[in-house]
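With the hints as extra help, turn the sequences into a complete structure.
Residue numbers (the working numbering), protein chains in the order written: chain E, 1 to 115; chain W, 116 to 227.
Don't read these hints as lab results, they were simulated from the structure. It should be emphasised that the depicted structure is a prediction, and the values quoted were computed from it without experimental measurement. The beta carbon of each residue, even a glycine, is placed where N, CA and C say it ideally should be. Just so you know, nobody snuck in bad clues.
Okay, derived cross-link-like pairs now, DSSO-like style, lysine-lysine, Cα gap no bigger than 27 angstroms in a straight line:
#: 1; chain 1: E; residue 1: K53; chain 2: E; residue 2: K71
#: 2; chain 1: W; residue 1: K183; chain 2: W; residue 2: K171
#: 3; chain 1: W; residue 1: K171; chain 2: W; residue 2: K120
#: 4; chain 1: W; residue 1: K214; chain 2: E; residue 2: K53
#: 5; chain 1: W; residue 1: K171; chain 2: W; residue 2: K214
#: 6; chain 1: W; residue 1: K214; chain 2: E; residue 2: K70
#: 7; chain 1: E; residue 1: K18; chain 2: E; residue 2: K55
#: 8; chain 1: W; residue 1: K214; chain 2: E; residue 2: K57
#: 9; chain 1: E; residue 1: K3; chain 2: E; residue 2: K57
#: 10; chain 1: W; residue 1: K120; chain 2: W; residue 2: K186
#: 11; chain 1: W; residue 1: K120; chain 2: E; residue 2: K57
#: 12; chain 1: W; residue 1: K183; chain 2: W; residue 2: K214
#: 13; chain 1: W; residue 1: K214; chain 2: E; residue 2: K71
#: 14; chain 1: W; residue 1: K214; chain 2: E; residue 2: K55
#: 15; chain 1: E; residue 1: K3; chain 2: W; residue 2: K214
Quick partial rundown of chain E residues pointing at chain W, CB under 8 angstroms, derived from the structure:
#: 16; residue: L41
#: 17; residue: F48
#: 18; residue: R111
If you want the footprint, here are the derived chain W segments under chain E, 3+ residues with CB under 8 angstroms:
#: 19; region: 155-169
#: 20; region: 211-222
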Amino acid sequence: DVKVTQSSRYLVKRTGEKVFLECVQDMDHENMFWYRQDPGLGLRLIYFSYDVKMKEKGDIPEGYSVSREKKERFSLILESASTNQTSMYLCASSSSPSGGGDTQYFGPGTRLTVL
Amino acid sequence: DQQVKQNSPSLSVQEGRISILNCDYTNSMFDYFLWYKKYPAEGPTFLISISSIKDKNEDGRFTVFLNKSAKHLSLHIVPSQPGDSAVYFCAASAYGNEKLTFGTGTRLTIIP
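This is the structure:
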């Protein structure tokens with residue numbers, strides 16, 4: 001079974017704080033993703049990584065950065081948290097597609113509230 | 116530009132009846148489609164997928180239908196059970212592309 005874990009289920013931070021969200025997967029997957037989920041907007045891709053130290057911007061990268069120093073770990077960083085970053089953050093991983101699509105497996109999510 | 120659309124934000128179905136969730140897409144490069152189920156305060160879980168070389172895929176109570184000419188897919192759940200109450204997302208990807216594009220989700224409520 002694929003397992004994706006996220007460091008916190010719930011997090012409350014103050015405006016202006018630096019926030020780290022950690023994600024670890026145990027299936028040796030090459031690809032890792034960070035999404036945020038907001039009501040009525042579905043899942044929106046923030047950043048993804050297809051290899052160690054490689055990253056690409058998703059659809060809404062502003063205000064976020066990422067780090068992937070090891071294959072199994074992908075971190076999302078909010079340099080200076082703002083109230084509009086209050087959201088559910090979801091991490092996912094997948095193996096590289098080999099001629100076809102590939103399923104992403106998700107962690108349980110982190111509900112971040114920025115006050 | 117919403118490339119994957121789920122036009123029904125919510126759907127209520129009687130227990131034991133068929134639930135049909137719909138999804139439309141605009142990008143003709145999409146060739147792999149997935150459905151995910153999400154309970155509150157949990158991550159989405161993979162349900163079923165279909166590649167564009169097929170028009171139907173079945174897994175137990177779940178069947179996904181793909182109509183490429185209409186750029187439409189649907190998820191059928193038969194019979195519907197109370198545990199099926201959740202938000203369902205459809206997603207799509209293009210060949211060789213690691214990224215998935217998600218719809219906005221449909222909240223399914225099964226009425227006992």
